[in-house]
Every structure is written in structure tokens, then in C-alpha cells.
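2 protein chains.
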Amino acid sequence: MAAVFNSISPAEFFYRNRHMAGFGNATLAVYSTVRELVENSLDACEDSGRLPFIIVDLVDESHDFVSVTVADNGTGIPYQHVSESFGKMLFGSKYDTRQKRGTFGLGATMAVLYGQITTEHAVEVHTQTGTSGGHAYRLLIDIEHNVPIVESDSTLDRDGPGTTVTIHIKGDLKRAQDRILEYLRMTTIVTPHAKVLLRINRIATATLGRWTEQLPSVPVVSKPHPRAADLEMLKRLIAENKQKSVRSILVESFQQVGDHTAARLLRHAALDSRKVGWSLSREEISRLSAALKSFDGFARPDGSCLSPVGRDSFLTSVKSVFPVSFCSYGRRGPSEWEGNPFVVEGVLASGDSVDESDVPVLYRFANKVPLLYDASDDVFMKVLKKIDWSKYCVRGARQVYVFVHLSSTRIPYRAAGKQSIALVPEIEAEALTLLRGLARELGKSARELGHRGRSVKKMHEFAKSFRLIAKFGASLAESDIPPTERLISGLFEGSDNGRVD
Amino acid sequence: MAAVFNSISPAEFFYRNRHMAGFGNATLAVYSTVRELVENSLDACEDSGRLPFIIVDLVDESHDFVSVTVADNGTGIPYQHVSESFGKMLFGSKYDTRQKRGTFGLGATMAVLYGQITTEHAVEVHTQTGTSGGHAYRLLIDIEHNVPIVESDSTLDRDGPGTTVTIHIKGDLKRAQDRILEYLRMTTIVTPHAKVLLRINRIATATLGRWTEQLPSVPVVSKPHPRAADLEMLKRLIAENKQKSVRSILVESFQQVGDHTAARLLRHAALDSRKVGWSLSREEISRLSAALKSFDGFARPDGSCLSPVGRDSFLTSVKSVFPVSFCSYGRRGPSEWEGNPFVVEGVLASGDSVDESDVPVLYRFANKVPLLYDASDDVFMKVLKKIDWSKYCVRGARQVYVFVHLSSTRIPYRAAGKQSIALVPEIEAEALTLLRGLARELGKSARELGHRGRSVKKMHEFAKSFRLIAKFGASLAESDIPPTERLISGLFEGSDNGRVD
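Chains as they are written, first to last, in the working numbering: chain A, 32 to 532; chain B, 32 to 532.
Heads up, some of the hints might be wrong.
Note that the list lumps identical chains together, so a pair holds whenever it fits in one copy or between two copies.
As the list claims (entries may be wrong) - Derived EDC-like pairs (lysine to aspartate or glutamate); straight-line CA-CA distance at most 20 angstroms: (1) Lys-266 x Glu-182; (2) Lys-273 x Glu-175; (3) Lys-324 x Glu-151; (4) Lys-417 x Asp-389; (5) Lys-226 x Asp-173; (6) Lys-205 x Asp-408; (7) Lys-413 x Glu-459; (8) Lys-266 x Asp-173; (9) Lys-266 x Glu-369; (10) Lys-273 x Asp-290; (11) Lys-201 x Glu-263; (12) Lys-205 x Asp-95; (13) Lys-422 x Asp-389.
Quick caveat, the hints were computed from the structure, so don't treat them as lab data. Predicted model, so just to flag it, every value in this text is computed and none were measured.
Just need the whole structure built from these sequences, with the hints factored in.
Below, the structure written as C-alpha cells:
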């Protein structure tokens, strides 16, 4: 039997390979739908300059249908882009050199697609930008051709910009809800200025976040660093600037490349800097591509396209979500891996509950998204295990938590689940330095506590004998026992335990 | 800053999200490239009727470039389809209701794409079908537009049909090679009629397989079962047969639906069986779609589209790859999950090496592909743990292995890695019955061994005293000791230990 060959649309592909996009089963489907919509919402709020307020509404409907509604007060979606944003696979807001959460052009549309297949329902979108009025849409996807089908489109104002999306899917809400709650809780650790309200079957189940009113630094869109440019990118830049000299192409397209650096780079690549784009041979282009990697004269990439959580916000959020007594923040970078700038920041905290394990509990985050699964082979887990915590922890005394967040223009995920970060040496090195520093802080605090504990004990012993002496002296002098307590408590000034019993 | 919206090609998408397709890092990249090419090769051999012979050639080249070559003696790729098969994402041989290995239209092209990005090399393809002569190609992908760029195309005959593909990628061969060897070893367990030769840096590292000359049953392409049809599929079938009556559409499009069943189904759906495709309203179509799920009059799906390994081949391959003394095969099905037929088969084996754990070692397979990772949440692992093995195993005496293979027209993968199977109740139930049966076999053999051991011991004791009696009698009779050995060995007839010392 000869095989028949044909081509399929991206929508068709993901429809057949749902598991690839996190829609492998009824539980995952609900979780992933919430996740994709919430991450889109938070990205949409990033630019609005307002404090994000996200409402997640989950309702169990008849025959295991679940309706997932996520509302935000973000920038809204421009009228002309709504239908494609939700009804066309691999369509989205431009992919640029800048920290963001979602996967370009997949997430939300995948949820719409899954909902359509499993429940026949159209996605409902109600959005309004600052400039345009509000619009309400009902959309389906023509899966075979990967184009949106607009069922209805009406003008409907909202009080201010923002987007509300409702998707009906076949799913298992009961099994998914704990996971969703955990995900939202962790989300507010790295997006502490966001307020998230979770409603399940119309009952307010949790109100999370807004641990701080402080807005994070908005990541600035920046040009790519030359070391991040592979041959593919370079070819495109040259094709788009056929008429320009290779020198000005370099200066205009990349960060950290001025006229001087460009000239040195071109000498390094043995190319005439006056050559124009169209005249470059394939061989010359790949020579230039190789030179971008081997040239050592570039300044490290600019970190302004990143948006770490920051000391105050990170400490505040951890204290707000976990019962901790000791808390310390650290940060490394901006550093670079393959031309991608990155920052690693972390909080080490310890509570009063008893510690069962000899390694701290690890919470991982990447570009403000919590990573809840596949921890075992993650770079941060590896680093955590490299440290001999027994040296720092008061073993068995305190539960220790470590929160690590990687900000980068590109997260090197290990595999499709997007839940675990690859062992990139540069990231590993910075993370190790970060955690070692935090561990030392913990050790210091532990010693202090221990020390203080001991001195308090001493003073108690002393107080006892002092009373005895007083009593003995009094009986010798056949007088009343003198008032010792004031004297004793005087001795205890400065210690954090004034009372003595 | 207002976001800029745009659309990207599938090639562009997967280029940006390599990790999704298993190309997250330099080690995975080599492993995945081998895997995708080998699975395509084995699928191509399936129809050829020849015994597959696959050569995997891995060479470390300068600056961490690796060249991966996979050659097969399969059906070859028709001339007009070669360039798109390797140079266009989401293009492949038609997706039909039939057991096969690869993911449609992704694998090989993803490897080509990754190679092009990391090494600038074109993929080299040399293929020949039974009818056409041989052709040699060098191809690249226009990533921005997802179309192939043919660098060269020449006629070059091979001795017989087959395909040889060479991809140059940036990768870490040292780290990948153990994983690749394990993957190929396990592959020959479920494809025992295939011979696989692995060469690393031009040295023959391993020759695996061809454990049997017996060809497996070739899976027959069959129509989908009505219960497997979702609304999307139904809509398309109706659109393709506008002029036909809904009754004949059902009979012609689905298996297990004759005129009689179709009539009953349509009554169940309250639809007039003479209505023609174009006249069906959207509401009527979704009513029909719902009826396909709720109607209980369908025969279970036909299993001829499946190709299990089979008793003889499975037992032979396990014995060939593992040092085992006891071996037992079991099989369940064809059964059904959501209209997809499936067969679960397994081999339980025990070797003489000592067993460390109280649960057998589990090896999982799906559609003749070994699943090497994410075992923890897999349906087979769950079933394995449900069984109290201490009841069956001679604890601490023998290493026990369990090999389980799921054949189905659709494998319900849990997540993107395609390494772990979801907890589908129907599959779980069949797997449990299968393993229980195999466990009982193991128990029986264990008891027999124990019993036989004891009886042999008894006879040895008896033989000793018999000799003493003979000796004693002889000395009494002052005669020579009579020849006892023949008599004794006579007693041992039937036992598996005739000799007595």
C-alpha cells in the first residue's frame, strides 16, 4: 500500500497533538486553560501601568463541561487583532527581545481549539483598549485552514480597558482545582503587585496577592545582542536591509555595536565594511555569522529588557504567603548565556515549623511563571543539592525554603513541558554563587539565634543563684529578703528577654 | 508601547520552541534526531514486506558538530514528495486509522531545521522506491515561509529501495550515546525482526536485533470507529459528501456501521435517514455527533489496524536481550477506549541475578516505541504497583522484569514528552488483568522450583542411607558391596536430576 502524502494546518497539528500543548487529559486541560489565560492577562497588564486585577472564574457545567473565565484590567486587544489572536494558531503580538511569560501564538488559541472540539462552544471575548470602545465577540476556529470564524461581533463598552475571555471545555475541575490554586498562589510570589481572585462554582475560593503596590520595572524592548544572532536571524536582517552597508546593518540591528566595534568585528571577519547587503555571498554571510560568535569585543548584553521581581517585592511576597521568621534576598547579573541576558534572584526563608529533610524546599520560577513540575533535573535543583546545607541549617529546628527566579529574554527549557530549566553552565554558576551567599546569611542568623539562646540561658542560671545569695544573706542578717528582681532585670537589658521568672 | 501583531510559519514556531519537539539541548538534540529518523525508517519498512535493516552512523565532527546518518531498506520516498517530507513542517504521509510510530509531519523536519540553524548544513537524502530510480538531494528549509529549498537533486541509484538521511547538527554525542544505545536495544525488543547496526565514529559499536525472521502482521488501514469521531471529524465527512444521504455517509465513512446499524443510530438521533449532507443544520450535526457517543449498538472496533509484537516474537526478543530463565507472555484485547481499538501485551521474565527491590523492573512500550522517561505517573507503573508481588516473587531470589506494550490507533500520552501514558480506565483495567495473570504464572513457576528442589533433596538423603544399608548388609553377609548406583538412579527417573554423587 503506497502512503498518501499531504500537509496540515498548525491548528490541525495541535488538535492531533494536544498533549504537546498541555492538553493531554481532562485535568491538565482545565489547568492549562487557566494558566494560558492568566499569563496572557498578566502580560497584557505589564504595559498598562495599572496594578493588575485578575478574576478567575471556574464553573462546573453539565456532563463534565467546565467554563473557564479570566478577566483582567490590562491594555485590551486592538479591534483588528481579536479574531486572529484567538482564532488563528501561531498568531500573536510580535516576538521581541524582551522578557515575557507566554509561548508566542499558541496558548490561548490552543485552549479555544480544545474547547471547540470537546464542547462545540465558541470562545467569548470581551475586550476594550484605551483608544477603542469595547467589543464582544464569539469566535470559532476553522481547524482545517487555521482561520477564525467570527460568530458574532457587537460593540459593548466596559468600565475601562481590559479583556475577559470565557472558554468552555470538557475537563475535570475537581482534580484540577488544587493544582490551579497552587499555581495562582505561586504566581503572586513573583507578581506580588497583582491581585488574583479565584471563584469556583460562583463561590469566592481564594483572594491572593497585591502584597505590594509597587509596580515592577517595565521590561524595555531592546535590539538583540550580536552573540544571540544565529545564521537565520542574520540572513533576515541582511535581506531586510539590502541597500545598506554591512557596517550600518550591524550598528542598527544589534545592541552593544557602535561604529568602532562594527569596524573591529568586520576586520575580525575579514569583510569590507562598505559592502552592501545584497552583494554579500552566502559564504561571506556565514563567515560573518561565525565571527559574531568568536569575536570577543562585545560588551555584555543590556539587562533593561528584563524585569526581575526585586528585593523589596520578593521579600514582601514570600513573607505574605509563607509563615517565615528569617528572610534574605540575593541577586546575580545581568549576565549572559549565548547572548541572552539573564538575572537570577532568590529569597531564602526559614519558618518555625520543624524541618523534615536536610535540603531546603525549593520553589522555581522563570520569567515570573512558577515551575511546578519536573524539578528533578532542573538546574536550580542541581545547584541546591551541590550545597552542604547541614553547615548552615539548624538541622531539625527550622523549615527552610528557597525561592529562585530566572529572568531572561530566552528560557532554556529542558523539554516540552516547560517546567524545568536546562543545565546551562552560565546560569548554573550564577545560581550557585547566589544560593551560597543566601546559605551563609542563613548560617549567620542561625548562629546568632544559637548564641542569643545560650546567653539568655546563662543569665537565667545567674538569676537563680543571685536569688539564693540574696535569701542566704538575708537570713544571715536576720533581715527581710531584699528586692532582687529589679536588679536582675537590669542585668538583662540589651538581651531580648527582659522578664525573668 | 503598543504591541505589534503578526503571524509566523510552523517552521518558525518550532524553531523558536525547539524544546517542544525534544531539541531542548545538545544531548537531547542528538538523541531526538536518531530517534525520529529510526522511527521513520521502521515505519517505512513496515509496508515493504522485507526484514528491516537499519544502520545508524554517528560521527563527531569539528567544534561539537555531529553528523547523524540513518539508512534503511524500506519503501523509499516517492520522488515528488521528498523535498516537502524533509523541508516543510507539518507535511507527511496521510494520517490514517492505523498503528504507527512517529508524530505526523514533525520529527524528521524538526531535526533538519535544528541542523540547519546550528550548523548551516543542508540535509542529505538518498532514496529510491520500488518503481522510481534512486535520487540524491541536498535540502534546506525556508523557515520564514515553511517551504523547502532544494540545493541539489541528482539521479543516483541504490541497490534496491530504501532511504538514507544525513543530518549535521550541533550536539553532544558523548552524553547522548548511552541513551541512544539503550533506546535502540529496547527498540529491538518490540521490533525483533529488525536488525540495527550502530556505528560511532566509524567503529561498529553494537549490532542489535533480528532476534526472529518472522514478520509482524502489517496493520491494515481501516475506517474510524464511530465512537472515535468528534464533531470536527463528522463535519468534514459531511462536507466531503454533501450530495449523499446521511445514512450512506455513515455506512461508507465508519467501521461497524451497516445499513441496519445506521438506521437504528439515526432513529436514536431523531434524524431522517434520507436527509442529504448539505441539508443538515449545524444543530442536527451536533445532535448526530452526540448520538455517536451515546448510541450503544456499535460492535467494538476492529483490531486489524493494530500490530502487536505477538507471543513468539516477544518471548524470543526478551530472551535474546536479557539473561532470563523464566519467561511468560500474555495479551488482552482488542478492547476500546473512546472508540480507539487497543491491545495490551506483556512478557514477565525472571533472571538468576538477585532482586534488590520488591517490585519488578518495568519496561514500557507504545506502538513499538520504547518509553524511557517519566515512568512515575504512567498507567503501567500504577498497575504494577497495585499488585502485591511478594505473593508471587521468590523475594530476594530472582530479578523479575515486566515488559508491557500498548498498541493503539491513538496513544493517550500524558504530556508533551510522549514518554508516559495517561490513566485511561479501559487501558488500566486490561493492563491489571494482564499483569495479574503473568504474576500468577511467575508464582506457579516459583512454587514448582521450590517443590522440585525439596524432592531432589529428599532423594539424595534416601540414596545416602541406601548406600549405608547396602554396605552394612554386605559386611553382615561378609560379601562385596552390591552395585547400588543403578538401583538408586532408577528411583530418580522422572526427577530432573538423574545423576547422584
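Evaluation of the provided hints:
For the homomeric pair Lys-266 and Glu-182, the shortest alpha-carbon distance between copies (17 angstroms) is at most 20 angstroms, but the shortest distance inside one copy (41 angstroms) is not. With identical chains, the CA atoms of Lys-273 and Glu-175 are at most 20 angstroms apart between copies only, with a shortest distance of 17 angstroms across copies and 37 angstroms within one. In this assembly of identical chains, the alpha carbons of Lys-324 and Glu-151 lie at most 20 angstroms apart only when taken from different copies (14 angstroms versus 50 angstroms within one copy). With identical chains, the CA atoms of Lys-417 and Asp-389 are at most 20 angstroms apart within one copy only, with a shortest distance of 13 angstroms there and 31 angstroms across copies.
Taking the shortest Cα distances, Lys-226 and Asp-173 never come within 20 angstroms of each other, neither inside one copy (36 angstroms) nor across copies (44 angstroms). With identical chains, the CA atoms of Lys-205 and Asp-408 are at most 20 angstroms apart between copies only, with a shortest distance of 19 angstroms across copies and 29 angstroms within one. Taking the shortest Cα distances, Lys-413 and Glu-459 sit within 20 angstroms of each other inside one copy (8 angstroms), while across copies they are farther apart (34 angstroms). Taking the closest pair of Cα atoms, Lys-266 and Asp-173 come within 20 angstroms of each other only across two copies (11 angstroms); inside a single copy the shortest separation is 34 angstroms, beyond that limit.
In this assembly of identical chains, Lys-266 and Glu-369 lie within 20 angstroms of each other by CA distance solely inside one copy; the values are 18 angstroms within and 48 angstroms between copies. Proximity of Lys-273 to Asp-290 under the C-alpha cut-off of 20 angstroms is restricted to the intra-copy arrangement: shortest distance 19 angstroms within a copy versus 66 angstroms between copies. Within a single copy, Lys-201 and Glu-263 get their C-alpha atoms only as close as 40 angstroms, which misses the 20 angstroms cut-off; across copies the closest is 15 angstroms, which meets it. In this assembly of identical chains, the alpha carbons of Lys-205 and Asp-95 lie at most 20 angstroms apart only when taken from the same copy (10 angstroms versus 49 angstroms across copies).
In this homomeric assembly, Lys-422 and Asp-389 come within 20 angstroms of each other (Cα to Cα) only inside a single copy, at 10 angstroms, whereas the closest approach across copies is 36 angstroms.
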